[in-house]
Structures are given as structure tokens and as C-alpha cells.
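Novice: Using the sequences plus the hints, can you model the full thing?
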Amino acid sequence: MQQSPAQIRHAYTRMRLIREFEERLHVENPKGEIAGFTHLYAGQEAIAVGICENLDERDYIISTHRGHGHCLARGCDPRDMMHEIYGRADGLCKGRGGSMHIADLSKGMLGANGIVGGGQPIALGAAIACALRGDGSVSVSFTGDGASNQGTVFEAMNMAVVLKAPKVFVFEDNGYSEHTGASYGIGGDLKTRTEGFGIPVWEADGFDYFAVYEAARDAIAEARAGRGPVAVLATATRYFGHFEGDPQNYRAKDEVKRFREEKDCLMQMRRRVVEAGIFSESDLDAIDAAVIEQIDAAVASAREGPRPGPEIMLQDVYLDY
Amino acid sequence: MQQSPAQIRHAYTRMRLIREFEERLHVENPKGEIAGFTHLYAGQEAIAVGICENLDERDYIISTHRGHGHCLARGCDPRDMMHEIYGRADGLCKGRGGSMHIADLSKGMLGANGIVGGGQPIALGAAIACALRGDGSVSVSFTGDGASNQGTVFEAMNMAVVLKAPKVFVFEDNGYSEHTGASYGIGGDLKTRTEGFGIPVWEADGFDYFAVYEAARDAIAEARAGRGPVAVLATATRYFGHFEGDPQNYRAKDEVKRFREEKDCLMQMRRRVVEAGIFSESDLDAIDAAVIEQIDAAVASAREGPRPGPEIMLQDVYLDY
Amino acid sequence: MAVMTMRDALNDALHREMERDERVIVLGEDVSGGAGGTSGSRDAAGGIFGVTKGLLPRFGDKRVIDTAISESCIVGMANGAALAGLRPVAELMFADFVGVSFDQIFNQMAKFRYMFGGKAKTPVVLRMSMGAGMNAAAQHSQVIYPMLTMVPGLKVVTPSNPADAKGLLTQAIRDDDPVMFLEHKALYARKGEVPDGDHLVPFGEAALVREGQDATVVAIARMVPFAEKALDKLEAEGITCDLIDLRTTSPLDEETILESLSLTGRLVVVDEANPMCSMASEIAGLAARKGFAHLRAPVQCVTAPHTPVPFARELERLYVPGPDRIEAAIRDVLKEG
Amino acid sequence: MAVMTMRDALNDALHREMERDERVIVLGEDVSGGAGGTSGSRDAAGGIFGVTKGLLPRFGDKRVIDTAISESCIVGMANGAALAGLRPVAELMFADFVGVSFDQIFNQMAKFRYMFGGKAKTPVVLRMSMGAGMNAAAQHSQVIYPMLTMVPGLKVVTPSNPADAKGLLTQAIRDDDPVMFLEHKALYARKGEVPDGDHLVPFGEAALVREGQDATVVAIARMVPFAEKALDKLEAEGITCDLIDLRTTSPLDEETILESLSLTGRLVVVDEANPMCSMASEIAGLAARKGFAHLRAPVQCVTAPHTPVPFARELERLYVPGPDRIEAAIRDVLKEG
Ligand SMILES: Cc1ncc(C[n+]2csc(CCOP(=O)(O)OP(=O)(O)O)c2C)c(N)n1
Ligand SMILES: Cc1ncc(C[n+]2csc(CCOP(=O)(O)OP(=O)(O)O)c2C)c(N)n1
Ligand SMILES: [Mg+2]
Ligand SMILES: [Mg+2]
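Taken in order, these protein sequences are the chains called A, B, C and D.
Going by our numbering, the first sequence opens with residue 1, and the numbers climb by one from there.
Going by our numbering, the second sequence opens with residue 1001, and the numbers climb by one from there.
Going by our numbering, the third sequence opens with residue 2001, and the numbers climb by one from there.
Going by our numbering, the fourth sequence opens with residue 3001, and the numbers climb by one from there.
Fair warning: there could be bad hints in the mix.
Have a look at the derived ranges for each label pair, beta carbon to beta carbon [what the hints assert, rightly or not]:
hint	chain 1	residue 1	chain 2	residue 2	range
1	B	1191	D	3015	39 to 45 Å
2	B	1272	A	134	52 to 58 Å
3	D	3015	C	2262	57 to 63 Å
List time: in silico DSS-like cross-link candidates among lysine-lysine, alpha-carbon distance up to 25 Å [as the list claims (entries may be wrong)]:
hint	chain 1	residue 1	chain 2	residue 2
4	C	2121	C	2062
5	B	1191	B	1263
6	D	3121	A	107
7	D	3290	C	2290
8	C	2290	C	2335
9	C	2335	D	3290
10	D	3191	D	3233
11	B	1164	C	2290
One-sided and incomplete, this derived list gives chain B residues near chain C with beta-carbon spacing under 8 Å [as the list claims (entries may be wrong)]:
hint	residue
12	1094
13	1123
14	1126
15	1151
16	1155
17	1156
18	1162
Bear in mind the hints are in silico, worked out from the structure with no lab data behind them.
Virtual Cβ for every residue (Gly too), placed ideally from N, Cα, C.
Specialist: In C-alpha cells, the structure reads:
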């Protein structure tokens, strides 16, 4: 644990924020006020945060359909996100995007993406911009185990190597691609397959924030130094269904329960931080309480947020037409 | 050389047929009677023939934009092909397809394909049909070094492993992808990258018919036995430009000359067959002469072939509409 | 006749055709579901909308093939399997995913037969869910039939009710040409009477859903029940229209449209697509080319705006052409001429 | 003014804009060429049609980027580079290759700005060669502007001559929205006067190439010179027409078309696309919707048939709408009403 207490507090807070955001959406969703598909990130917090704690302003990330965690880890405003998920006119995307399309260009967050595999070539393009600026910045794409089989992801890996681009491929193996186990769809294994393209891979336990942070730190340092693309491969699980409403027939009944009890990333982080004497249980409880308050406020304001009207439907197709 | 004289004669004849077909097109092309893009296969004959000599009627192949060699190796009629290349109403595809779209379904030849990377998923579909029939048949796709970077090719490799399909990936590294060297566009190397998907790779010198034949024999036996997809990686060169008319500015002046003089597949095959006492020089000369006569006849008849009219333009969009 | 949902009618057609012809196979992401999962179930999904439910237990995993997320490969495999003698029914979960598989649709399956001199047969059915109605936002809500209809070599099917869904899917599977089969996701739960046993609806024959005097209304998929709603209201005032459900956009039943137009002289086209180069444009153009002699008023097109599909409930509702806009267009078409 | 080919006019615009704005980058297969080759040249191709010739020696390989054959990645990279502040000009050698990259066009670049609440800017130019004329057969000869025109968020440009090519490409590069730039391959060698220095042609303003009395002829890209040929012949007989070169199909200059139609009362649309959901359909539909009051005869659409593009010279010549068919359509439109 070479991180400062301030850094650790920051990371813990972000992870808790994601967790509470998602747990709360899981509670709110069945009430019928939230439209569309909602894919929750709970269980994988250590990955998004372990990666993003290594990034700074100049860097870019691009996310997936399961984007809340990446957005929050990158510093998007949870209130604005909540308004977006509720489809409000003052949401991060004016209610036009919803859960699957949250983006915040001002934070180098190039968007969640409803097309599996859509983001990787886009992130590579941002990496090219980083290389051209020559300021040591990097571009990160998040890719699920299922997404890793999409042709665009392979193309992006290949081209990143060809162009020696400062591109960070984060593979999140959460065991499932919708209703299908990760092991079914992947030919070879993620690590060997990635290395086959000439991309070095750092593996990390995706439940362990410090492991992800350190793997990412080392990997990203390579990319920043101009030594070409790198990959981080982290394994975890998702605590909820593929989308809210998924009956999860493909999953053993107690699977999630065991992960929650034995491996949960927040539980592990708390234990290690407290054992190391960096924070006390009550320090952390205070963070948790503040986060919960923040989420309460976000939900309350989102529920009352302004409904979008016809102007919002028609604007922003073009800058000028 | 475990092949019978009859087999060797067959293979040699096919290779010579491809060579003469292509050399002749190179001569005819500037005369202006042949329309469209023509991509010649000369130089790579040992690959197409080394693979196809291992196939039988039940099997499938799919080709690329550089398709003449694969078609002839698979037994398509050179006269019908020539008529097609000249755009005649009685060509293999009624003059609708041309050089880039020659297909002969009756021979399990699923078509040349103008879209780089288009064929590999299609060949995998045929492999599924093979598996369902359960008769030990296989489906072969030919893929250039350049094409190997197309997302569809990666997807097909991955899915072939997932489905344990009897699919044979033949990679032909001829050193160039249009005007760009093969080394530029490929991240990692073809062998490691393919193995990363869990596909075993047999390498062979693509100028050496026997080497390709034997690699393919062993690889295809695995696929026929139901042990999943395999790959054959063969290296050679193309003797002509990317397409007829290419000034080849990307290529050292004497590059082809050296390959022709030092490695030519027909030259090598002749030498080995004669040295082994299987055929005499004059036996082989006789084959060559017969092939040249066949090509002369094909060109002569193609030049006079019937021109297609409006009915041909309008037919065969659908079976029934 | 039994009353069932469109989902069940489609499922029934798939079961029947797989039973009838062992060359029929089904492939796509989660068409069964559960492979590699921890529950042991191999019919955990049956397609995300449940349309392929029960097929794997009945027909086995050689004929009901779960795939990785590789849509180009899914469609390409269907193409190759068809060339090799099978009759694949491939699934793209969402029609929007034609984006990642478009080459295999537009340059491959559509063109094989023509390019290959009439020797190839590519009896692929590509099923996909389309349309707005679930607030699935811009990348999961498009109706994409115009961009498929324009491609020579494809047939394009857009059922609006359970009976047609069964009859058209059966026809699609038995058809020897590539068929794009577009299932509107807001119609899966629509119920209706469905003929028992074999039921086929031929392609290129629009249905005259209602007969009337005052105008011709042409609609597609979900726009058909919406148009019916509008007509219910207008009929109370004595305004009656022919309502034509296209059922297939390619082949397009020009005769039925033109015949109706020759009687009414007025045309309203209702299309959930964006306006440019839409089916609405096509049919309005048809009227200008071949129906001009009968046309008594400007054609009215009711379409989505030239925008992506927005997410929020309020926005999606504004986006989709609904009964109110259809009603207004019919009133407009009656004003002039 | 200098007389030059369309190829050179495009090359000139690229040089000027890369010089002017260092955020402009160029990427695609063989946009320079020669990387990894044995000749040592790094400008061995300059694009397969030579349009990007000379850019790499001038601007270096950080701004002129050769890629592998991975079109989804090419377009995706352009999208990402644009989001990150660059102004990429990406090349698809052939417009037909939208097939393998369609998602990045249709679901990504076109929708970012809208989906992301107006915060994204995606100033990508996607250049591609289109059209028949080289006997390149079904997968290398399509004009694909209808399927791009229908997509909200895209602008679609179709120059017919060197001056417009320069002016429209300059505009495209300076434009903040994604632009599909379609270069007809049969026009690369077309010569014409081209303004020196900065030259911009705004989008959405069609050109009235000829003025006449008897009918309105609307044409796109290569169809413009073909229509001129037809008009040359008819003018000798005293038949004169307005000839409108659309220049951009999105935005579409409806005003110019409708104004001309209000004077002539007769409309012929010439479109190299297949007929269904084409620009011809769109404009015929426009006439039925908004030009009906002026329309005196059925609209005539001159398009390719509903078939893929055939290979043989005789067949391609039959496929492409040529001066003879345009002339016949103009004669037909004058017959009635
Ligand atoms: C191109 C495309 N294909 C399919 C889908 C449907 N889909 C959405 S998420 C998903 C599974 C993704 O699995 P993975 O990448 O492992 O991410 P996870 O859901 O586990 O976070 C699928 C198939 C899609 N959105 N886009
Ligand atoms: C999807 C697609 N992209 C690009 C092209 C243009 N193109 C045709 S052949 C070729 C190079 C192919 O190289 P390789 O696979 O090595 O085959 P070779 O030409 O060497 O036989 C390219 C880029 C194409 N036809 N299709
Ligand atoms: Mg997953
Ligand atoms: Mg090559």
C-alpha cells in the first residue's frame, strides 16, 4: 500500500459511490420510474476505480453498456448521471441518452456505448490524438469478456500495436456475457490471445483494489512512456443480473452470495485499510454515510427533475444543418 | 514424396495450369479486352494446389479477391473461368461476376470475394454444415497476410474454436497487402496470433509444393477427425502487381526476379520430381505444352464468346420475387 | 385458431419448421443461453425476447447454436451454411446490430446468387427485433427496413400481428432467397388469433386491413395498430379509409396501393423510419410516378423526425408517429383537392 | 483559376487544409503506401486513386497514417480522434466498404452529438470512391448515398466536378459535423476550372447547372454530366430544362428543387442508385408532398435497376443510367398533362 491516505480515501469513496449508486438503482428500478435497459456494475468497482485512480485530466476513457461504474470512477457527477438515467432534461445528456449512453467529454469520458465492441476503435483514435500531442497521455477502453470476441476489439488491438499507440485495454471478465458463461465464447484464453497480438498483459484480481491499481500503474507507465499498447485483465463478478429484470436462470442460486461474502471488493479494502491502521472503521462508516446521503439527494432530485420536451428531441442532431 | 506418380502429375498439372493462366492474363490484359480489376496468383501456386490436393468432393473452399489459383486448384474449368474474366454470357457466372467473383458451387467452391475478410465467416458456416453431416468433410478459407487483420477473420477463428468446427484456415503471406508490406500491418506475428485463439498452426514454405501438401495433410486430418479448427501458414510472393496495372513502387526492382530464379515453385517441383526419377524433363514438358494449348484455346474462345444482354442483367437477383 | 402473442406465434413457427425440415438450424447470441453458466440450464434464455425458447432442448446444440458476440460471424456463418445446403435462421438481437454485420448482409448474401451467375441459393432468414417502444435509446430502437429494402437480393418482412408473424416466418424459412425478418419489439406481446397447423403468408401481398372511401393509409408493423386507433376515431365521424398493411417492404405490393389510390385519390403513408429515403418516401414517390393520374391532394407522410431515437419516455413518445399524428395527417389529406 | 482533374482538386484541398490546420490528419489503407515494402518509398501509393499523394512526405506519418485492412477500426479511430480534438479525414477505398464499418458510421459518429446531450463534436470526414464505371463488379461499384442520407447526424456530399470537389472537401474538413464524402470514381479524371486559393462550397445549396423552361432535371454526381449530354441533344430541338446538381444529398436543398418545379411543373430525377428508397424516391416523394400543386405530369425517375452491379462491360453500361435513358425520360415527362 504505497498510496497516501488521501488517495486511499479517494479510491474508497469512489468505490462506495458506485456501489451505493447501483444498489439504489436496483431498489428504484422496479418502481417503474426508470425507463429502458439498466446494466449495473456492482461487484466490479475495484476494476473501474483501480484503473481510473491512475489517470489524470489529459487521459481518455471509453466505457460499455455497463457504464455507471466507469463514469463515476472517472469523476462524472452522480447527480447529473442520476438525472440522465431518469431521463430528465437536465441530465448529463439532456435525457436523450439514458443509462447506456452517458458521456462527459469535459472529463475525457468518451461515453458508455450500447454497441458491444463499439468503443475500442474509438478509444484508439483518442490514443492517436494523445500520441500526436506527445504529452504522455493515454486512452483506456473497458471491454467485457463477452465483448472481447467482437471483431472490432481484435482490430483495435492489432492497430494499436501497429501504431504503437498509448492505448490501455482493460478486460473485465465478470464470468458472463448476458446469459452465457465467459468460458463458452472465448477461443483460447484472454491473456494468451491478447499477447498473441504483441500486447503485454497485467493480470489482477478484480475484487482487490490494490492489485488492480498496481497492475494498472505498471501497465499505464509503459503506455505513457511510448512503448505501445498494454492490457490489464481483471476478474470479478457482477452482483445483479445482466440488466435489471434479468431472472438469471443461467446462474447457480448462491453464486453471488458467496462472492459477496468471501470476495467483495469494498469488504476487502476496508479490512486491509483498517488492519494497516490507515483509517478506522468509523472513518469509513462516515464516508459511507456521506455517500448514501449524496445518492439519496441525487435520486430525490432526479425524481422531480424537469421532463424533456420537443426542442430537446429536435436539437443537437447537427451543429449546423 | 509419398505421393503416387499420378497424384504428382495431377498436382504439377494444376500448378502449371495456374501459372500459364495467370501469365497469359498478364499478357492479354494490356490489350484492353479484359475489364475491371484482375489480381493474379502467379508465384503462389504451390499453396493453392498443396492445400486442394488434400480435399475431396464433400469439402468446401472459399477464396479471396486473388481467386484464379484457388478456383483452378479446386478444379474449376479454365475455359469457363476465362469466359467469365472476359465478361461473356457463357462464363462461369454469366459475365456478372468477373475475376473477383468466380464461384462454382457444384465444386464446393464458394466464391472468390471482393471484400477482404468476407469469406472466413462464410467458410465457417460451411464447416458447420460439414459437422452436421458428420461425414468428416472440412471447409477451407484462404486468407492473405493483409486480410488477416480484418475483424471478421478474428471472429471466425474464435467461433471456429468455440464450435470445434472442421475449419481450415490457410494464411498466405505473400509479403504485401496492396502497396503495404505484410510486416507493417500485422500486430504480433501470424503464427502466435493464431495460436492465441487456440488454433494449432502448421507452417510451410509456400514455394514448396510438397511442404505445403504435407502440412495441409496433417492439419486437415485433425480437422476431419473432429478435433477442431486448424491453420496452415505458408509464405511465398506474388510475381505481378497487386492488380494488373500496379506500378509496384513499393517493391525493390529485382525482388521478384530473385524469387523467380531462386525459389519458383514449379522449378523446385520439377527438379525434385526429376531427381527422384518419377518423371523425366520431357514428361513434364509435355504437360506444359498441353496446358499452354488449353489456355490458348480458352483465350481464343473467350475472345469470341457471346456478349451478355439485358436479360442477364435482370435475372437471378432472386429465385422468386 | 388459438389466441396467442406474436412471440408465441413466432416460437410456434420455429418449432414447426425445425420439426419439418432438419436442414433448418438456428444461431445467434443466447438463442438458447446458459452455456458455460453455473445453473446447468441450456435453455436459460431462449433468445432475449424468448422467441427461440425450447428449441435447444428439443433439437440439440448442433441445430440450435449459441454464438459469441460476433455478429459479422453470425451472419457470415448463416450465409455459408446456406450455401452448403442448410436453411439457417440467424438472430441479431437488435436490428441496430446490422451495423456490425452489414457487409455480410449487403455485399454477401444479397449478391451471391446474382454475382455467381444464378448458381447459388442462400436461404437465410435473419431475424431481428426492431423499433422504439422500450426506451432503449438510439442504438437499440431503430427500424432499419429502408436500408434493407433498397438492397437488391434481399426480401424484407415486417409483420404487424401474430397470425402474419407465423405465416410470414414460415414462408421466410421455406423461401429460397435471403429474408430479413423484422420483429417489432413493441409487438411481441400483441395478441391475436393464429391459425393452427401450417400457415403461410406469401411475400409481396399487402393486407387490406380496413376498407374505406376517403383516403388510402399505408402502414408498416407497429404503425398498423396505431393507424387502426386513428381510424377508430375518424370512423366515428364518418371518415373511412383503406388501411393497407404492407407486410413485406420487399417485394413491395405496388398494385394494392395503386388500386386503392385509384379509388380514394388520397394517400397517407405511416412509417416509423426517419424521413429521408424511407418507405414513406418510396411510396409517396410511387404515387408521383404511377399514381399521379388519381392523386387529388398532396401525399402526407407520417414518419419519425430526422433525429436519432431519444431515450426519455417523453421524448420517445414524441419521436414515434402515434395515432394522433396519423389522425391529423388523414384530416390534412382530406382538406385539399 | 486552373484547369485540373477532380483528383488533383481533391489533392489540392487536402494539402491546403493540412497546411492550414494541424489538427487535420489523414488515415486509411495505403493513404501513403510502401510501409514495410522493399523499395523504401513511403509515398508509394498516395491512395489507390492518388488523391492523398504527396501528403506523407509533406506532413509525416504522425498525421498521414497508413492502416491495416480493418475498416471498422479506421472509422472508429477517426471518431475517437475527432472526439479528442483532431479533425480526421479517413478513407475507405471503396464506398462498398461501409459494409464492414457501418456500425461506426451509423451507430457511432452519426449519433454521438445527439446521444451525448449536444456535448460531443465529431468533425470526421469519411472519403470514399463510389459508383460504377470501372467494371469493378457488385462489391466495388455501388453508390451508397441513399443509405447514408437516411441517417440523421450525417452529412452527405456528392461532387460532380473538380471545382465543387475542392470547395466541398474544404467545407467538409472545416465542418464540425460528420461528413460522408463520396467521390465518383468515374469522375476522378474529369477536368474543369478550379478556383485558386481558398474555395468553399456550402452544404445544402444545390447548383442550377442549366436553366430551362420545360422540365426540372435533378441529378447527382456522375449523372450530372450525363444529364448535360442528354440536354445538349434536346436543346438542339428547342427543349430546355433546369438542371439541378444536388451537390449534397444531406442537407437536401428542397427549396431549389421546389422552386424550379413551380416554374416547370415537370420533374425528372436521375440517380445512379438502385430504385427502392433512393434519392430518386425521396425527391419524387418531395414533389408529391410539397410540389403537388405545381406538378403537371407523373414524375420520371431514372435509376439503376433493382439488381446488384454487374461486371461485364455490356452489362454495366445497361445498368448505369446513361444519357439515352435520361433523354427518353425527359421526353416522357413532357408527354402528359
Ligand atoms: C454489437 C452488440 N451485440 C450484442 C449486444 C447485446 N449485448 C449487450 S451486453 C452483452 C453482453 C456483454 O458481455 P460482456 O462484454 O462480458 O459485458 P458484461 O455485460 O458482462 O459487463 C450483449 C450480448 C450489443 N449491445 N451489441
Ligand atoms: C474490406 C476490404 N478492404 C479493402 C479492400 C481493398 N483490398 C483489396 S485486396 C487488398 C490487400 C489484400 O492483401 P492480402 O490479404 O495480403 O492479399 P493479397 O492481395 O496479397 O493476395 C486490399 C486492401 C477490399 N477489397 N476489401
Ligand atoms: Mg461479462
Ligand atoms: Mg498479401
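Novice: Does each hint hold? Answer for all of them.
Specialist: Each hint, compared with the structure:
1. B/1191 to D/3015: 39 to 45 Å: Since residue 1191 of chain B and residue 3015 of chain D have Cβ atoms about 41 Å apart, the given range 39 to 45 Å holds.
2. B/1272 to A/134: 52 to 58 Å: holds, 55 Å
3. D/3015 to C/2262: 57 to 63 Å: Roughly 58 Å apart at Cβ, these two residues keep to the hinted range, so it holds.
4. C/2121 to C/2062: Given pair residue 2121 of chain C, residue 2062 of chain C holds - Cα atoms ~22 Å apart, limit 25 Å.
5. B/1191 to B/1263: Distance ~22 Å between residue 1191 of chain B and residue 1263 of chain B Cα, so the pair holds.
6. D/3121 to A/107: Since the Cα atoms of residue 3121 of chain D and residue 107 of chain A sit roughly 14 Å apart, the hinted pair holds (cutoff 25 Å).
7. D/3290 to C/2290: Between residue 3290 of chain D and residue 2290 of chain C the Cα gap is close to 17 Å, so the pair holds against 25 Å.
8. C/2290 to C/2335: The given pair, whose Cα atoms are some 22 Å apart, holds under the 25 Å limit.
9. C/2335 to D/3290: holds, 15 Å
10. D/3191 to D/3233: holds, 22 Å
11. B/1164 to C/2290: violated, 54 Å
12. 1094: holds, 4 Å
13. 1123: holds, 6 Å
14. 1126: Status holds, d = 4 Å.
15. 1151: Holds: closest Cβ of chain C sits about 7 Å from residue 1151 of chain B, inside 8 Å.
16. 1155: holds, 4 Å
17. 1156: holds, 6 Å
18. 1162: Check passed: Cβ of residue 1162 of chain B comes within 6 Å of chain C, closer than 8 Å.
The structure fails to meet hint 11 from the earlier list, while all remaining hints are met.
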